[in-house]
Amino acid sequence: MKADVSSSGPPLVELKGISKRYGDLLANDGIDLSIEPGEIHALLGENGAGKSTLVKILYGVIEPSAGEIRWEGRPVSIGSPVEARNLGLGMVFQHFSLFDELTVAENIAVALSGDWDLATVRGKLGEISRTYGLALDADRAVWTLSAGERQRIEIVRCLLQNPRLLILDEPTSVLTPQEAEHLFTTLDRLSAEGCSILYISHKLEEVRRLCRRATILRAGRVVATIDPRASSAREIAALMVGSEVGEIRTDAPHHPEGEMLKVASLNLPPAGMHGQSLRDIDLTARAGEVVGIAGIAGNGQTELFAALSGERLAGGPDAVVIAGRPVGTTGIDGRRRLGAAFVPEERLGHAAAPTHRLSENTLISHAAAEVSRSGFILVNAARRLARTIVQSFDVRTPEGDPQARKLSGGNLQKFVIGREIIRKPKLIVVDQPTWGVDAGAARLIRQALVDLARQGSAVVVVSQDLDELFEVADRMAVIHQGTLSPLKPIGEWTKEAVGLEMLGVAQASGGVHAV
Amino acid sequence: MRFELTPRPNVSPVMRALAPVAAFITAFLIAGLVIWLMGRSPAAAFDVYVLQPLSDPWSLQELVVKATPLALIAIGLSYCFRANLWNIGAEGQYVIGAVLGSWLALKTHGTEAGLWVLPLMLLLGIIGGALWGLIPAFLKTRFGVNEILTSLMLVYVAQLVLDYLVRGPWRDPKGFNFPQSVTFDPSATLHPIFEGGRVHFGALFALIAVLATAVILGRTLFGYRLKLTGDAPRAARFAGFSSKSTTMAVFAISGGLAGLAGITEVSGQIGQLQPSISPGYGFTAITVAFLGRLNPIGILIAALVVALTFIGGESAQILLKLPLDLTQAFQGILLLCVLAGDALVSYRIRFVTRGGGK
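Residue numbers (my numbering), protein chains in the order written: chain A, 1 to 515; chain B, 1001 to 1358.
The following block holds chain B by itself, in its conformation from the complex:
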């Protein structure tokens, strides 16, 4: 006996719309089962994971803060994934963006530099991420090297570069030998949108990126080029779209947005360079991009949802003594459920009992 997926002749739009909701409920049920098997109350966990963060103004702000880098990176990745190119190294592009942007902050530290510092930092962040992203793109178009491997391995290179800098040349001389840079001047700091709040201007960048991407992917020839390259590469060549320039463009865009996320996080959130500036945003953003089905608005929603699991996970660790790994497990379950839901909307499972087949 074996399974076969047969395409459904008609895919109902209602089912397509409800699939993520069903996926959500299923994921919560599975996670509840795991928690119950660990001897805790699923109801209490649901309360801590979902209800409490959503009912508290402080954690609502925290939600936006955490969703910001996720959304920025995932939006960038959606350009790559639509074109069927696999940038797995957003984490590295994030780090290099943060490093290059911070270089200016450290250079101007203690001087009377004015308002130009911050915009230039952000620009450098974008450039740094884009250049780091262009390395695997170049290797792929020039030598045919698999971009999955190179982009992933460059993550470790980027992390070691950061590690070297904060332990070596960029270490704060007055920092009691802690591996961290000086704290950025106010001129190099991304300020909160509301006085005294936690949400900084990075959230606005994410929102702009979402809207711009919705227009670019849906309404421009460039967006169509990516879709066509991903769905039918020969047709894309027939349309006159060079696959090399497409590859370079999407890696530059996704690297640039990851770099922007990196410098935004460092200047708006952390305030200095340290060995660890990301809880794995670059990797989690891959999940976010697919949870959002590579649709800009979907990605925005998915970023908020995944940010919720981060915050809920932290409080569950404190309040229920649940391991932080459970959060990652839940993110994985959620992604699998969404992908399975999508597959089941378009295909039906058939049990084949007899031999045959091709």
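One chain only, chain A, in its complex shape:
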């Protein structure tokens, strides 16, 4: 059973009036938050609402500008993560901090403070694994493990220190639905044993599944503390965003016809030491439809994108066919000239140059945009184009023609996608279109992609967000360890079936393995 939230005695941790200022930006503005012993408390908010800042303050990574932290009623100053751990805080970050070349046990031993030999760590690891159902092979090298398994290492590492409060930052973003369910069971169990959990997320369903109290942040302030089970998903979303979030309009696709993209038996060796190779990829996208590629990060999405865009050339000319033309040996410029457009996962540094102005950033897809003539830049045309994109895609900019890095993630993503959509491409390939983007921007981007398809373009969306793919895709396939499942109409997929394909066990046995 969960601990009674209204128990007497002081809360385990209490934040009072926490503020953090970065220059002109108030990332946290007078935040109050309290967590009872054994409570699973959700911290909800869009990207940029101030969740990460708050958690970093709690974990001693950054120093608050104002405010007080009380631990069991007594004021404390948490100057570093070491001090936080000594108090009894454990944190599982969204991005793992593991050494790829070391084994599981070694990774855990390295991070522990105090005297631990490998044998003791191995013993403890086995104990915790059994108790909480966190299966881990102590002697496997980390680079061979899935994201879910890596997350388990981080959790076990925290549990070894007997934490009183465990902080998890967007823990399910790298998990399959099955792995996520498994994690929830573990968290319920920890909570029953009296360990408090601060659960950071922007996924409402999970929060409703796990938590009785949720603190909602918006623009650095607490806007409400609610019982997520007593409110509808729509109400919570409205609190997070500050306005109603509409649904995506997807009229039935007209009969898609004309293959704009055809990939046949595409093979690609891995780029780096631990990169993923692509094996026998077959894929088609027709004019008028949205094709979704689901999969957990690191299963070959980046490589597939590079092969489709032409940043990496693979196989013979016929491995990739765009608009009927074999382009397997043609670079990205040539593919753009055929009417293809591409939006990579990384906004800053790949899709856009951080220190360049938006108008300069329009030059990146210069091969197909009207911003240069015989080698000379048409400065005014580039400015005009940037302005049109900003207006058409509701890009909020601090000034007229700002540097790309001055834009928030969501606004830059709208710009980068707008830059490609505005050309009315015949084919667009987008990798993680709404990764780290606020709900409002995500909706606009998805709608724009669906609209583009309905106007007769072929749209390929590679995404880790299953909800997103179920919302926009007409046909979908799952990528797992560099191979692609058959492409099926979206109606023939269930979340469970997708989860099994993500784990690569669909054909093997048809059932869920203990993973």
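The hints are simulated quantities; they were obtained by calculation from the structure and are not laboratory data. Heads up, none of these hints are tricks.
Here are the simulated SDA-like cross-link-like pairs (lysine to any residue), alpha carbons at most 20 Å apart as the crow flies:
no., chain 1, residue 1, chain 2, residue 2
1, B, LYS1244, A, THR330
2, A, LYS406, B, ASN1010
3, A, LYS406, B, PRO1009
4, B, LYS1244, A, ALA314
5, B, LYS1244, A, ASP333
6, B, LYS1244, A, GLY334
7, A, LYS406, B, VAL1011
8, B, LYS1244, A, LEU313
9, A, LYS406, B, PRO1007
10, A, LYS406, B, ARG1008
Bear in mind the structure is a predicted one, so any value in this text is a computation, not a measurement.
Following the hints, complete the assembly by docking chain B onto the known chain A.
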């Protein structure tokens, strides 16, 4: 306690414009302190270093003469540096340009060769420098060899090639065994712009290079390609710019301009080949390029400023018995001040007293 640089949210354009001026004043104050510590009068040194050269027509011409190779080389280097490629070997490219251009001058020596000799010499100078610059570019794109090391080491190879030639096959037989070539014919000599003046046509080349580069870097796709390659290499690849061809192009350009500087200096200034044809122009030009913030007009100004320190340094050596090393020290101080000024415009220093950090 430690220091932290935190970005300023808003960078004022006025501060950005005034930063080099402040850097200048600071550099002069530091240099004045050094001179004072050496027991000389800073005021007298300032007079000799700055005021006298600027008030005398002869030394004003000398200023342009010295600034010419600096500007030519630094303009070339700015192509490399913008693309985040480190050509440290302009000195070698300068020497090989001078050698290849001079080959024609020596070949045609004493013949009735006409007006075609000089343009061809200049062209050979450019080709020589470009080829020498392409060696590190090729090694980098083909085998991944670090261009800093190869371009620098090729400087010594180039200097030894020159040394061998002027002591061996190209030595003037009537030169009393001095290690130098014959004096070039008038047809192989770059003439002064004004009759009797010191400033030769090389200065015009530098000016053309500055203007052309201002257009190329600011207004062409090629210029944008360099900027993008330097600022965001993945975005450059995404834009369809191959990093290999960018590398080859910028090394060819900077090598070519260094080679042009070399042959211009030899045919316009020295008039023959000798073991030493440069007081380190190729290395000083790196300072010039950064003093000018890789901006063509900035580089032109920086070249004149650094040329001033060369001339002032020479007279300070004669008049005040100050060591010539002081000039180099001052160039270094100046560069550090300019870089620090730039950093302080964009960042503010914060003292962190407590533990924490990431």
